[in-house]
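Novice: Use these hints to put chains Y and U onto chain D, whose structure you have.
If you want the building blocks of each chain, they are given just below.
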Amino acid sequence: MRGVAGTSGARSPWLGTAAWRGLFSDRPMIPLLALLAVLVVASEIVRPGIVGPEWIGIMLRAAVPLAILAGCQTLTMLTGGIDLSVGAVASMAGFVVASLAAGSGVPTGIVIALVAAALAGLVSGIGVGVFRVHPLIMTLGMSLVVLGLVNFWQLQTITTSTGIPGEFRTVGSSTLAKILPYSLVVFVPLAAIILVGLRRTGYGRLLYAIGDNPVAARLSGARSWQILIVLYVVSALLAAAAGFLISGLTNTASVSLADSYVLPSVAAAVIGGTSIMGGRGGFAGTIVGALILTVLSSLLTSLGYPEAVRQILFGSIIVAVAAAYTRVTTES
Amino acid sequence: MTLTTTGLLLEATGISKTYGAVVALKCASLAVRPGEVHALMGANGAGKSTLVKILTGAVRPDGGTIAVHGRPRTVHSPAEARRSGLVSIYQEPALVPDLDIRSNLRLTETPLEPFRHWLHELGLEDLDLSSIARRVPLASLRIIDLARALAIEPDVLMLDEMTAALPANLTERVLEVIGRQRGGDRSVIFISHRMIEIAAVCDRATVLREGETVGVVDVTEGSEERIVELMLGEGVVDMPTAAERRAAAARASGATARLTARDLSSGTKLSDVSFDLYPGEVLGVVALEGQGQDELFDILAGSQRPSGGELLVDGAPVSFHHPADAIRAGLVYVPADRAEALLMQRSVRENIALPFTARIRRWGLINAGDEHRKVDRAIATLQIDTRAHGEVRRLSGGNQQKVTIARWVAGGVRTMLCFDPTRGIDIRTKNQIYVLLRDLAEAGAAVLFYTSELKEVQLVCDRAIVIFGGRVVAEIGAANADEAALLHAAYNLRSGALMPEQIVAEATAVEAAVVVPADPPAARPTGPEADR
Amino acid sequence: MSAATAPVDSGRVALAGLLGSSARRNAWILGLLGFLALLLVFTKLIQPNYGVPGIQGLAISVLPLALAAVAQAIVVISGGIDLSIGSMMALISVVSATLMAGQSEQFDVAVVVGVLVLGLLLGAVNGGLAVVTRVPDIVVTLAMSFVWAGCALLVADSPGGGAAQWLKDLVTGSIGNEWIPKPAVVLVAVVALIWIPVRRSRLGLSIYGVGSDRLAAFRSGVSVGRTRILAYALMGLFAALAGLSLTASTGIGTPVPGPYTLMSVAAIVLGGVSLAGGRGGVFGPIVAVMILQIIRTDMTFLDVDTNLATVLQGLILIGVVMIGSIVQIRRARG
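Residue numbers (my numbering), protein chains in the order written: chain D, 58 to 389; chain Y, 663 to 1194; chain U, -13 to 320.
It is worth saying that the hints were derived from the structure and are not from the lab.
Among these hints, one or two may not hold up.
Take a look, some chain Y residues computed to stay more than 12 Å from chain D by CB distance [to be verified]: (1) R871; (2) D1088; (3) D1101.
Here are some of the chain Y residues that sit facing chain U, going by a computed Cβ distance under 8 Å [claimed, not checked]: (4) L670; (5) S739; (6) Y752; (7) A756; (8) L761; (9) V890.
The model shown is predicted, which means the values in this text are computed figures rather than measured ones.
Ideal placement from N, C-alpha and C gives every residue a C-beta, glycine not left out.
Isolated chain D, as found in the complex (with noise of 0.2 Å):
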């Protein structure tokens, strides 16, 4: 009965060997660094000799705001919610500074921009915290409250010029010796608050605690709605970082600016191993995750292809990882 018991071999062929799921399960970031290098040197051998400090500054300045909108999208998926409206916020952030820097200067149009996204995070966190409000259902609802506030005021302001301050310019969108763009000053400090809030500290902890077993973070004595409400107003100011970064590197305050910035910041977290069901992943993979989303639209970019095609790609390499991760995570 024994030779009977050794005919398994049931499981797939790809990904089947333990090594593998082990690679994937305890060192996701090997794979996908992994997968970001192949993108660097296909890049390379599509136009010989792109890849440079230039390239680099430009793929670091492209990633860094995706990067910040990825991070909201995975402290939120850590706790099993999500979080869309940090396109309306990134948008209103840069739009307000730009309509108030002439007239009251920027630093007061950064501090009513970051007041005014730690609003809306306020409400959606006291939404989903305290009224149990499903995260995709606030965070959509509050998208389209502030995105219609913001239009509704850009009317009213229509006299007023529009234009985005130099300081934020420089900072969106230059490099230092072509090779480190001024925007991982933001950067730099923000993603190491994340990274250590999630690993060292007790909030860190939290987030991942009810996003794994609400009922048991609860019995332990952990109030959620705090850990919400703190959450989504974190993840407002980081959306309003973003929009300041994204309107200084398009040099454009727009109403729909980061619009466009929704589904890729969820996909970088989702490509970087967080798992949209909570209590599973973490901020480096969500860095490496928007990296190879950048790497992969520049070397479409460059081969000629158009958007049509980086969409089809982006969506087919986002099922592909996930299908990956959900493979080597899951059991039975």
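Specialist: Leaving out everything else, chains Y and U in the frame of chain D:
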């Protein structure tokens, strides 16, 4: 259908299944003859449920063969298994909650007339088929599930802990109906933790240990010892008996109660419950299913607010709005359901450290060294097997339960509320938990211990209170708290009063006996009022 | 406590609960209908000449979103969610408009049938991927929204094409009485011909079953994967109808997805479909779409900035869901 020479209805050989690093089954086998009721026995984590799931196509085995009527079969889904004549009743009823009963029957293509017949046989004739499943009581759902399975006349019917939490009258009907299946050409595979039920209805028993079939026993007089031996594999730890312990009274005299409940009420479920819990004692709580003990523990743990009465901790009144308040007052809660308490995707370490970071002022940086020390000490105290490193969901049930306790032990326990912490775990882990609770009490903690296994009271408690119909009806010292006395009190019978025949039968027939009485409580000759 | 009456009481409570639940379920729809009627009266008050043209305009503007909401409702009832409906509509719209431009009527009939089959396939692909990869639906369909939108851009990178005259006629004007606009008839017919038979079949039960409790449905012998794929395929069919209605009402195909995905989610939530699956129907979401559209119209009449209409839609969405959960929390406590 012709039988082969072996004459077996169902034969599974060499079944193996691994989940990641955990081996659930290795070389398990099971042979069922036509017309027998076959028990599947084993401690928790022995692989009983996995084997049943494999037989009904809910889980795919890694290896092994299954033959029905001597013909090899591979079943890929419950629907396919059903067509092969294999039907299983799981612990959670397989009714879709948002559909009414009639639609649920349509979904499984169950013929209505046989269904009604079996419903009648099982004592649930007044069921409205248009009621939404979500609103039907759990016990009735289990009966509906069984009637639905019987109605399609399966060759092999598998019952996984069918009788757990069924009221006594329904349990009896179920056992009777199962017993009647004997001798025909159909078979039943019966899983239960209640040895008495096995003895009552089963012909043979297959015993699993650690995923392997270790023996097949004919169920006769005295075969229980043999089955337990096979299940355990090694001897049971001896517990000091109640008499050997210091008397709780001596310790309690003069001391302030750690926890005092005064006239606690919760709607109609709990009324005027009062008791004192002293440091250094384990106070047992005994009650039949649904007598208000769930509400009592929810109130003490801060999950629910009482509708009346007051709580005092160390003599000072407290009021809890959230479990966090109870924890701050030193009341920590171990629920029976591990899925309620654990972060399944996180590590043992994070699970144990969870309460440390819950409060807002602990949201900052974690003191890693301090945390490691506390967690390591708790893991050592509870002898948690962390070989399956990583996620808690990969641990066995017993080890998971230990993690839920370790979480509180790590931070130092003042008052622990345990709600049936030994439910559904193997005997070895149970013994470790008994020892731990005693040790906690010796160290000065107060423990409130609800248990559905009456014999645990004398093993662990100093005294016990008995709750019936939402009231404390008795307080019994450990020395007198044998199963008979507890059972008497749990049914709220005066000692010496004539026991209704059914309860006598129940007391001797059903070992655990933690079930709702057959009739509404006060319809008995001796209701709560009659007792006063 | 008198024990003899206890079972009677519990029976009564159960009955009351049952009646209450069915009343509650219908109460939501009735409330929506009442609110819709109030809005129509209000519209008539602020715009006395609101009449046949108004109703017809309402009907034609509601049709695509109503079909999208039906599509979303089906897939949410089955326990999923589809964030690619808008992209699918765009793809179907450009494919049909491109193929129909300047072709004969007979050919156009074939095109319509063809794109409906295409819709079924697109939906089945979404469902199949979600089932096979076991990636959460929300992620799969979000990713597929990129794919379908990309495909739409490949077909045509700018709005264009044409639509058959009969198709355009199908959604303009009225039939019989002038108060019965054709788009409304089309909507009712489509739902009655496709969804109602499905709802009454075993597939319909399975869809509700899988959405309500996947494990229980599986153990009841329902093929969960197949049911989910079929629910997605049905969703695709309705999304295709929605895309066709876009082509029919505008006469061209537009490759850029409209706001239909998110609005369809909003509409089903307002329409009483539980995002957890297993509960709700397609009628509520249709009424909800009409309400959302009339509010927009009214705000135009009132000379309110349409941007504030967006704000109001967001607030309504949040408000309804919040009230719903407050009621639930209260009930759980009481």
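Novice: What hint numbers does the structure not satisfy?
Specialist: Hints 4, 9 not satisfied by this model.
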